[in-house]
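Chains as they are written, first to last, in the numbering used here: chain A, -1 to 293; chain B, 744 to 976.
By construction, these hints were calculated from the structure, which means they are not laboratory data.
A few of these clues could be false.
To be verified - With the Cβ distance kept under 7 Å, some of the chain A side facing chain B (calculated, not the full set):
{"#": "1", "residue": "102"}
{"#": "2", "residue": "188"}
{"#": "3", "residue": "191"}
Unchecked claim - Quick list of in silico lysine to any residue cross-link-like pairs, SDA-like style, CA-CA up to 20 Å:
{"#": "4", "chain 1": "B", "residue 1": "891", "chain 2": "B", "residue 2": "845"}
{"#": "5", "chain 1": "A", "residue 1": "171", "chain 2": "A", "residue 2": "137"}
{"#": "6", "chain 1": "A", "residue 1": "171", "chain 2": "B", "residue 2": "836"}
{"#": "7", "chain 1": "A", "residue 1": "171", "chain 2": "B", "residue 2": "850"}
{"#": "8", "chain 1": "A", "residue 1": "171", "chain 2": "A", "residue 2": "161"}
{"#": "9", "chain 1": "A", "residue 1": "171", "chain 2": "B", "residue 2": "769"}
{"#": "10", "chain 1": "A", "residue 1": "171", "chain 2": "B", "residue 2": "808"}
{"#": "11", "chain 1": "A", "residue 1": "171", "chain 2": "B", "residue 2": "889"}
{"#": "12", "chain 1": "A", "residue 1": "171", "chain 2": "B", "residue 2": "891"}
{"#": "13", "chain 1": "A", "residue 1": "171", "chain 2": "B", "residue 2": "961"}
{"#": "14", "chain 1": "A", "residue 1": "171", "chain 2": "A", "residue 2": "151"}
{"#": "15", "chain 1": "A", "residue 1": "171", "chain 2": "B", "residue 2": "832"}
{"#": "16", "chain 1": "A", "residue 1": "171", "chain 2": "B", "residue 2": "846"}
{"#": "17", "chain 1": "A", "residue 1": "171", "chain 2": "B", "residue 2": "831"}
{"#": "18", "chain 1": "B", "residue 1": "891", "chain 2": "B", "residue 2": "792"}
{"#": "19", "chain 1": "B", "residue 1": "891", "chain 2": "B", "residue 2": "769"}
{"#": "20", "chain 1": "A", "residue 1": "171", "chain 2": "B", "residue 2": "792"}
{"#": "21", "chain 1": "B", "residue 1": "891", "chain 2": "B", "residue 2": "808"}
Beta carbons are placed, not taken as given, at the ideal position from N, Cα and C, and that holds for glycine.
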Amino acid sequence: MSAGMDLAATIVLNGLTLAALYFIVASGFSLIFGLMRVVNMAHGAMYLVAGYVGYAVFEPLYDRDVWYAWYVGVAAGVAFAAVFGAFVQVVLLGWMQGQELRQALVTIGLSIIVADQLLAIYGGTPRQFFAPDAIFGSTQVPGVGGYPTFRLVQIGIALAVGIGLWLLLNRTKLGMMIRAGVDDRQMLGACGVNVPLVGVAVFALGSALAGLGGVVGATAQPLAMGADGRFLLISLVVVIVGGMGSVTGTALGAVLIGLAEQIGQALFPTYSVILTFVIMVAVLALRPQGILGRA
Amino acid sequence: MLEIRDLHVRFGQAHILQGVSLSVGARPMAIVGRNGMGKTTLCQAVMGLVAVREGEIALEGAALNGLPPFRIARRGIALVPQGRRTFPSLTVDEHLRLVARRGARWSPERVYETFPRLAERRRNGGTELSGGEQQMLAIARALLMDPKLVIMDEPSEGLAPVIVDHLITVLRGLSAEGMGLLLIEQNLRVATEVAEEVAIMVTGRIAARMPARELAENPELQRRYLGVATGGH
């Protein structure tokens, strides 16, 4: 196997691990938009807040050398994001249902407040989780060589999220309600379903996914201020490319954008950022509803 | 059963319902009237789908005004809306399981016995059905909610005559079983063959109310209120 092949395989694998993280975060964004028609501009803030809160729980446990420190940190970050998401829907967004511009502005305001509060409480130092020994270190990957184990785990988590979401949407009663609500919210209510409550559940779930992304992302690489804006932008791009409200579309969008970023950085580092937007512009021009989106 | 008193609904400047008063008892009732008279808005107002500013709606004495649609549905009113509005993303079977309740008079099994076509199509999506099948699905969806009163908005719209005959048989069967029926219809034959009583709606008001047979047999009344010369069709 030549060195060039090795490099190409590494770049592809890097792209896929990045795509895994993008998928985890963007699937929550897409879920919320699909049912609620809310462009949740605070989705990146959920990512950031889960990372910091998770870390605050993780650190003292890790210092005491507790083996489950990371798992507790993940659970804390995800739970906090879920509760926060439910709170946002109940207190802020629920009563302005259908007023999309107002909701967008409120969530932008919220994300600014959250980022500043995090800066005030935790300071500006980047944080990074240490994964437990079982998923730390490096693993031999054929054709690539040694590769960080946690990044492979990251792909596994994304697959679990994708399968879990598919099962939830297609095999449970809540899933039926969500799909019916995406089709016709009003009629779902007339069928006796408490649509606002389903909305709170969806908001909590979508935010929990952003939170999971935050903790996983902060384990793979340091978490710093500004990650909220980056992951909000990525979520938007991924669902625009893949198609709003479709799990498979989000997965496809995440893979495309993740690969494009890594390949771009390897081949033409200076202009790699542009590649992402070239893909987005091309999709918007040729298929405005996204590759797998419904018209 | 359903009591509507002096109901007003406005959309901006448009005064759609201008003081509708109507009481629906145990006997099936139909509301007829030309297009744009406010019949669909009345259905939506009862179901809580449009805002009611003035007037009262009560089911068995309990006020429904201001309740969200899902509470009104749980109180015992089911809507079979105009255009069916079945869910494209749900299969026939999922439609039924979504609304099925334990201990209700109707179960998915009973629906499949009553509408064998739906049993054949149980794995199909809500929009892969013919108009008649979609209508049966919309009716089945309403029945599974175990309602006291079913409101049907133009159920015969766009259906082939032979399907309309089937629909009439189904609706008469439901009524004979004691299900309350409020039928909005432009098809005079469906209205008068299913309902015992007919209310005529003209520009947002109930203009007249009479036994269904009287309207069916009186072309003069039909011409005056509905602008049609003959019953039937």
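Results of checking the hints against the structure:
The closest approach between the C-beta of residue 102 of chain A and any C-beta of chain B is roughly 24 Å, which is over the 7 Å cut-off, so the hint fails. Because the smallest distance between the Cβ of residue 188 of chain A and any Cβ of chain B comes to about 5 Å, under 7 Å, the interface hint for this residue holds. The beta carbon of residue 191 of chain A is positioned within 7 Å of a beta carbon in chain B (closest approach about 6 Å), and the interface hint is therefore held. A C-alpha spacing of about 16 Å is found between residue 891 of chain B and residue 845 of chain B, which places the hinted pair at or below 20 Å, so the restraint holds.
For the proposed pair residue 171 of chain A and residue 137 of chain A, the alpha carbon gap of about 40 Å is over 20 Å, so the pair is violated. Note on residue 171 of chain A and residue 836 of chain B: the hinted pairing holds, with a Cα-Cα distance of about 12 Å set against a maximum of 20 Å. Distance check on the hinted pair: residue 171 of chain A and residue 850 of chain B sit about 16 Å apart at the alpha-carbon level, within 20 Å; holds. Between residue 171 of chain A and residue 161 of chain A, the direct Cα distance comes to roughly 17 Å. Compliance with the 20 Å bound is thereby established for this hinted pair.
Between residue 171 of chain A and residue 769 of chain B the CA atoms are separated by roughly 34 Å; this puts the pair beyond 20 Å, and the hint is violated. Distance check on the hinted pair: residue 171 of chain A and residue 808 of chain B sit about 29 Å apart at the alpha-carbon level, beyond 20 Å; violated. Proximity of residue 171 of chain A to residue 889 of chain B is assessed by CA-CA distance (about 19 Å); at most 20 Å being required, the pair is judged to hold. For the given pair, residue 171 of chain A sits about 25 Å from residue 891 of chain B by alpha-carbon distance, which is inconsistent with the 20 Å threshold.
Distance check on the hinted pair: residue 171 of chain A and residue 961 of chain B sit about 51 Å apart at the alpha-carbon level, beyond 20 Å; violated. Annotation: proposed proximity of residue 171 of chain A to residue 151 of chain A is violated, straight-line Cα distance about 30 Å (limit 20 Å). In summary, the hint linking residue 171 of chain A to residue 832 of chain B is supported, as the alpha carbons are separated by about 13 Å, within the 20 Å threshold. For the hint linking residue 171 of chain A to residue 846 of chain B, the alpha-carbon distance of about 18 Å falls within 20 Å, and the restraint holds.
Distance check on the hinted pair: residue 171 of chain A and residue 831 of chain B sit about 16 Å apart at the alpha-carbon level, within 20 Å; holds. Our distance criterion of 20 Å between C-alpha atoms is met by residue 891 of chain B and residue 792 of chain B, whose separation comes to about 19 Å. A threshold of 20 Å between alpha carbons decides the hint, and for residue 891 of chain B with residue 769 of chain B the separation of about 9 Å falls inside it, so the pair holds. Note on residue 171 of chain A and residue 792 of chain B: the hinted pairing is violated, with a Cα-Cα distance of about 24 Å set against a maximum of 20 Å.
With a C-alpha separation of about 17 Å, the suggested pairing of residue 891 of chain B with residue 808 of chain B holds against the 20 Å cut-off.
When the structure is compared with the earlier hints, violations turn up for hints 1, 5, 9, 10, 12, 13, 14, 20 and for no others.
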